[in-house]
Each structure stands twice: as C-alpha cells, then as structure tokens.
Amino acid sequence: MRNLKFKIRKILVPITIISFVLSFSFEVILADNKTESQSGNDEFEMLSYDVDSGEKYISYFKNVVKDTDAELISPAHFDGLDSSPTQQYSYPDSLSPVSNANVSPYKNVVMCRNGFDLNNDGSVETWNISSGGFVYNDLIFTCAHGIYWYAYSKTANVVRVYKALNSSTLPSTYISLSGWHLPTQYTSSKDVNYDWAVLVTTSTTGSWFGYGYANSITNKAVNSAGYVDQNAYYYFMQESPGIMSSYSSYRFTSTIYTLGGQSGSAVFDSNSIVWGVLTGTLNANGRGCLVTSHVYSVLEGLK
Amino acid sequence: MRKIVVIFVFFSVILSCVSSCSKRTSVESTKKIEYADSVSQADIERRISQVSDEKIKSSLFDEIPCEKKYNRIVVNIKQSVYKIDEKHIECTVTNQNKGYGFWFCWLVFLEQETQTGWIPVEFKPGYLDANDDYYAFCAILDNPTIEYSTQVMIDTEKAFYEGQLKEGKYRLKIYVGKEIHYAEFEIQD
Numbered sequence: 001m002r003n004l005k006f007k008i009r010k011i012l013v014p015i016t017i018i019s020f021v022l023s024f025s026f027e028v029i030l031a032d033n034k035t036e037s038q039s040g041n042d043e044f045e046m047l048s049y050d051v052d053s054g055e056k057y058i059s060y061f062k063n064v065v066k067d068t069d070a071e072l073i074s075p076a077h078f079d080g081l082d083s084s085p086t087q088q089y090s091y092p093d094s095l096s097p098v099s100n101a102n103v104s105p106y107k108n109v110v111m112c113r114n115g116f117d118l119n120n121d122g123s124v125e126t127w128n129i130s131s132g133g134f135v136y137n138d139l140i141f142t143c144a145h146g147i148y149w150y151a152y153s154k155t156a157n158v159v160r161v162y163k164a165l166n167s168s169t170l171p172s173t174y175i176s177l178s179g180w181h182l183p184t185q186y187t188s189s190k191d192v193n194y195d196w197a198v199l200v201t202t203s204t205t206g207s208w209f210g211y212g213y214a215n216s217i218t219n220k221a222v223n224s225a226g227y228v229d230q231n232a233y234y235y236f237m238q239e240s241p242g243i244m245s246s247y248s249s250y251r252f253t254s255t256i257y258t259l260g261g262q263s264g265s266a267v268f269d270s271n272s273i274v275w276g277v278l279t280g281t282l283n284a285n286g287r288g289c290l291v292t293s294h295v296y297s298v299l300e301g302l303k
Numbered sequence: 304m305r306k307i308v309v310i311f312v313f314f315s316v317i318l319s320c321v322s323s324c325s326k327r328t329s330v331e332s333t334k335k336i337e338y339a340d341s342v343s344q345a346d347i348e349r350r351i352s353q354v355s356d357e358k359i360k361s362s363l364f365d366e367i368p369c370e371k372k373y374n375r376i377v378v379n380i381k382q383s384v385y386k387i388d389e390k391h392i393e394c395t396v397t398n399q400n401k402g403y404g405f406w407f408c409w410l411v412f413l414e415q416e417t418q419t420g421w422i423p424v425e426f427k428p429g430y431l432d433a434n435d436d437y438y439a440f441c442a443i444l445d446n447p448t449i450e451y452s453t454q455v456m457i458d459t460e461k462a463f464y465e466g467q468l469k470e471g472k473y474r475l476k477i478y479v480g481k482e483i484h485y486a487e488f489e490i491q492d
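Taken in order, these protein sequences are the chains called A and B. Numbering follows this note's numbering, with no gaps: position 262 of the first sequence is 262. Residues are numbered in this note's numbering as their position in the second sequence, beginning at 1, plus a constant of 303.
Careful: at least some of the hints might be erroneous.
[Stated by the list, open to error] EDC-like, lysine to aspartate or glutamate: derived pairs with alpha carbons at most 16 Å apart:
#1 B:K390 with B:E470
#2 B:K381 with A:E300
#3 B:K386 with B:E489
#4 B:K476 with B:D365
#5 A:K62 with A:E300
#6 A:K154 with B:D365
Hint data in this document are derived by calculation from the structure and do not stem from the laboratory.
Excised from the complex, chain B in its bound form (with noise of 0.2 Å):
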C-alpha cells in the first residue's frame, strides 16, 4: 500500500513538472514579434514635416470647417514636473479658433536642455512604421461654437525613452498643422 502511494505521489509530481515546462513553452512560442521595416527618428521626422498644404487645410467632415493659418494654437503641458519613472507626459492641443477643426501630428518628440542648446533625445520607434499617418483631425461633431482640444503624449515605455531619461529640463516637440509647438517641463528624481 506504501509503495503504491509513494509510487502515485512521484509520478502526480513528475506530471504536474511536464504540464507546467510545456505551458511555458507554449506562452514564450507566442510572444515572438515581427515588426516592420526598421525606421530611424530623423525619417519619421522629415515625412512629418512633409505632411502637404492640402491635407492639413481640408476637413474630414463637411460640417466642420477646417483651420487654415494656425495662428490661435495653444499647447499645455499637464504637469510642470514629472517624475523620472513617470510613465505618460501629457500635453494638451488647442485651437482658439472656435469650431475650427486642425490636423495635429500625434507623434511626439523629446528635447533636453544642454548648456549648448537644445538637443532631441533619441528613441528606437521599433513598432512605427516609415508611412504610418501620423496626423490625425481633432473637431468635435455637434458642436460648432466651442474650442477644439486633444491631447498628444509620450508613452515613455512604448516610445523606448525608459532608462535615457534624467533630471533636467525636456520639452515636448508638437507638429499642428506645418507648425511647431514645444511644451517645456522638467524632470526631477
């Protein structure tokens, strides 16, 4: 009877081992990411700022006229101070122009304070693509008579800044329209 359960109990472990290597097997099998066509900062940057007249000129609805000079465009950044660990930097877009819907690049660049200037701190935009859109209309449907605003940000685990950040002075760097806004905060430890 003893060697029957101490027999039953070895082999219950040695089961329950195999099941478990197998599933981790499994799970690790899927976590294998292709991504596209490797692309640097400076080529995203230049098709940015490419984007044409037409484009950022034109409305997506007929209902909504669209902003032609993006001369009332006002960034805000949500916090002036951030943490250095801080997961999302946040930055408000608005057009002053009211019921003016605008096109907006929802891809953010990074720039920090040097005693030489500033300078753009770089990241490995490993899941862009070259000819992804980056621009996007911001208008709100139904309601022509108030000010339109989005908000863009850096996800700064997704965007690959984690780790390069330290303590000083950043900016974030806003394409609206063919215009370039910047959002200065500081980063504290």
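With the rest of the complex left out, here is chain A (with noise of 0.2 Å):
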C-alpha cells in the first residue's frame, strides 16, 4: 500500500510541476496578447514610421484621458511675436483667402505634398496634397489618407511640409519628416473614424496650436485654414469658419465650406485649441474626426 501511494505521489508530483509551469506560461502568453487586445481601451496602437532608419513598427500608446475627465485641453504656444488671437469668426458659405499666414493660429498652418512610389520601381511618382498644423513644436496633426493610400496599401515615401505657405510660387525650402504615426485601425481596414495621423518634424516650431478633447462639442464655433488643390488656390492659405454642427464618439459634420486638398485642416476654435481635423465634404460641408481620447493620449506621449 506504501509503494502504491509512492507511486501515485511520483506521478503526481512531475503532474503538478507541469501544470504551475503551463499555467505560469498560459498567464505570460495572455499578459502580451493582453497589450494588443485592450489595445483600443488601456493601451493604443499604431504604425509608426521611423526615417532616418526606414524601419515600419507598431508602437503602443497609454490612454491619458479618464472616464470622468469631461474635457482636457492642451494650450496653444504663441512665440511672443502675436497677442492674444482669440477673434470671432463670421461664417461665410465659402472659402476666404487668408490676407497674413504670418501670424497665429495662421503661423501654425501646414501644406503637406505627399510622394508615393506606386510603381514600386524605387522613385517617388505619385503626389497628393493635404494640410495640416502644428500642435507641438515638432508634431503636426493631419489627416492619416494624405500619407497612406488605402487602395494600394501604401505609405507616403516622401513628405514636404510647408509652414504658413501664402505666396504664388511653391519655396524651394521645406520641412522634412524625422518619422510619423497612423492608427492601424486605419492602415488595416481604412476605418474612417480612424482617418488621422501625426507627422514628427525634423525642425522645431516656436508656436503652435493647442488641442483639446470634450465629450460634448455640439455647435462650437471653429474656423479652419488649409489649403485647396486647385490651381486657383495653389500656395494661398484659405480659411473658412463654421460650426460643429454634430459629431459621434469618433467623427464631426460641420458648417465649414469644405474642398478637395482641405483634408488634414486643423479645426480650432478663438483660442487655437484644435478640436478635429477635416477627412472630407457632404455637399461641400466639412466633416471629420474629433480629437479623441486616442488623440490626446497620443500627442501627450509624444510631447
């Protein structure tokens, strides 16, 4: 009977070892899958892009904004050279030249050209505009279509940001990118709640929007400047006001006269606090994504 209870005890002994060690791994194994999985919720991922290296890698974000923070803004930076830019905006139903880009929130606004290699044959080919502005003094909020072509699963090769651009011809100077981060839920599925993306600069600015997240912004009054891809408007800063006329927990539709090249147009309000940024036009309406808790946890770990 002695020998019978050694026997089972050596059996069940390397049994019970086994299942800690199995159970010790399977708790290891759904600890990192843990990292993906609350990605949307504790943790945010995207695809970020490093230059200098050319390496493409996922990066993990943590959330910053709690269930009970009802807004949180990040202040605009003014450089000393402006006062106060808080004005009030009257809203025309169309597009309205900017007559000074040389002054804030203007300063802070971008024109992006996007290069793809779509031939695949090493040089860039194919371009596309979009807008954008600075949020940090190295950060750009934009609108993640104008840098990844869904349709042919690519990434921009090449982007050249022109600050504050309002002049007739295109400066043979511009900004380069040191790198930049879309949502994969965009890269992967084109989700449009996702269509935003910020680009990191290899040069500082000394002004630059602020950004704000509320979980209310029913009829805010904003403006948005950006630039049009008609040759009409090439190079020439255009502006036009409105109001966030609705929005959902991700995306806004809004009163802003809104045309093709505008996409990536920060959506800021008197006091350049950008609220959104515009993706697209419903009959000539600007909508958008908002700054979600996904985007000001991004930018604030950025900073």
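Hey, can you piece these two chains together into the complex? The hints should help.
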C-alpha cells in the first residue's frame, strides 16, 4: 500500500509541477496578448515609421484620458510675436483667402506634398496634397489618408511640409519629417473613425495650436485653415469658419465649407485649440475626426 | 495530496479557458468598422468624369510643367492573362511627352466583354467616400528628361470584386486627365 502511495506521489508531483509551469506560461502569453487586445482601451496601437532607419513598427500609447474627464485642453503656444489671437469668426458660405499667414493661428498651418512610389521602382512618382497644423513644436496633426493610400496599401515615401505658405510660388525650402504615426485601425481596414495621423518634423517651430478633448462639442464655433488642390488656390492659404453641427464618439460634421486638399486641416476655436481634423466633405460641408481620447493620448505621449 | 493536485489542475484549466474567452471577445470588439456614407459606383465615376480642366492642366510643382493635351499617354497591362484568384491586376500609365507631369485617376474601373459589348463589373466601394479626391499627380522631381510613369491597379479584395470574376475577357477603364484609356486582359481558371 505504501508502495502504491509512493508511485502515485511520483506521478502526481511532476503533474503538479507541469501544471504550475503551464499555468504560468498561459498567464505570460495572455499578458502579452493583453497589450494587443486592449489597445483600444488602456493602450492605443499605432503604425509608426522612422525616416532615418526606414523602419515601420507598431507602437503603443497609454490612454491618459479618464472616463471622468469631461474636457482636457493642452494650451496653444505663442512665440511672443503675437498677442492673444482670440477673434470672432463670421460664417461665409465659401472659402476666404488668409491675408496674413505669418500671425497666429495661421502660422501654425502647413501644406503637405505627399509622394508615393506606386510602381515600386524606387523613385517617388505620384503626389497628392493635404493640409495640417502644428500642435507641438515638432508635431503636426493631419488626416491619415494624405500619407496612407489604402487602395494601394502604400505609405508616403516622402512628405514635404510647407509652413504658413501663402504666396504665388512654391518655396524651394521645406520641412522634412523624422517620422509619422498612423492608427492601425486605418491602415488595416480604412476605418474612417481613425482617419488621422501625427507627423514628426526634423525641425521645431516656436508657435503651435493647442488641442482639446471634450465629450460634448455641439455648436462649437470653429475655423479651419488649409490649402485647396485647385490651381486658383495653389500655395494660398484659405480659411473657412463654421460650426461643429453634430458629432459621434469619433467624428463630427460641420458647416465648414470644404474642398479637396483641405483634408487634414485643423479645426480650431478662437483660442487656437484644435478640436478635430477635416477628412472629407458632404455637399461642401466639412466633416472629419475629433480629437478623441486616442488622439489626445498619442499627442501627449509624443511630446 | 492527490486531491489538492487535482483541484489545482482543474482550476488552472478553468482559469485559462476564461482568460482565452475574454481575450477573444476583446479582439472582436475592436473590429467594428464604421464606413463613410454609402456611395455608388456611378456616383464616384460621375464625380471623376467632372474633374475640371483647370485641375488637370496645373502642375503641383513649379519646376515641372503639366501636360495640357494628354495625347501621348500610353497604358500597358502588366500581364495579358491573370488567374481567377489574382489579388492585384496592375497597369502602368506613361506620358511619352518627356518631362511633363500628368493627372490620373488612381481608382480604376473594370469592364467585362459580353456578346452585347463591354459592360461594367459592379463593385461595392464600401471603403470609398464620394468626395475623396480620386486624382493624383505623376511626376519625378529633379528628373526633367524622362517619361513619367506610374502604376494603377485593382486590388480584387479591397474593391470587393473577389468571387465576381469569372473566366473571360476584361479591360481596365482608366481616367488620365479627362481621357479614358482601356487595358485589356483575360482571366483564366
């Protein structure tokens, strides 16, 4: 009997150890997967690109917005040359040329020329344009579809950034990027809720927009400034004030008069706080993506 | 001792199963996609055909002239025969007028040859927006002496063509400037 007990113990002890090991392994595997599976909650997943190394990689940004946060604002920054830019906007049913792009908030606005190698021959041969806005000294908030061509599964090989451009010719100097960050929800399935991107520039600026997250933005009076891809407007900044007329968890519609090329334009209030980014139009009414908790967290994480 | 081990193993298995289930639920919940307003193929093609003369004759870059006549554009299908399960059908678009950039529509349409002629193969452009900008500019900077060439393609999965394509003769319908170009090919099983 004692012999039998010994044999049972001999079998059960290894089983116990194996169970322990297996159980522990499961927990480790699950902990790893947790980072991915909860990327929409605790951590947010982005496709990132480093220009120097030419590497694309997945990066994770910790969510810094709490459920109880009704509104969070990262303030705008002025470089001392401007007094408060607070202004009242009128609401024309069209675009208006910006007379002086060298003052805030217009000097935070950029035009991007995005180049792609669609035919895979190593040279950049296909170009589009988009708009954007500095939201930190080296960070530009813009739309995803300017730098990611979903139909071709291609990211831009080259992005030339022109800051506060407002002239009849394209300057020979431009700002280059050191990298960019795109939501993987956009690159994997073109989920329009995530049509936004953050570009990182090689040089810094002294003035930038603030950005705000809020759980309610109904009827917020806003302005947008950017560039239109029709030659009558080339190189000249246009602005179009409006009202954010409706919104969902991720997107808004507005009365901002919007044409092609304006995609990526910052939608900002009279205190230079960006609340969203234009991504498209419906009957010339601009619509786009809000500064969600994801956007806010990624920008905070990149500062 | 035996009881303890059995209980331990039992709970380990239960714990693992519960964790796996919660993980699956979490992953699925991130897959919900909200597309832009639904748009028909006809709406998109109508918009493309209405591109302005002003746009297609203006260069994106000061140093590169834009093609005005669009009379030396050549399209070449990459393969004359594709398998029925082909994912990409590719075609090069070249302006033989050296050093002149040109506007082309990156969204390509598909037509099938029937006894009554060429008919469009319908797709559901779920990921497209009626107001997307379907034109892009082709030019290679700092290289003014060559013919500029780009590539258009149909991704049969993204354009929701998969399963619709049968054996037969097809052609891509490609807008370059305001002109329409066709590139024929065959699909075999």
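Next on the checklist: So, against the hints stated earlier in the document, which numbers end up violated here?
Outcome noted: 2, 4 and 6
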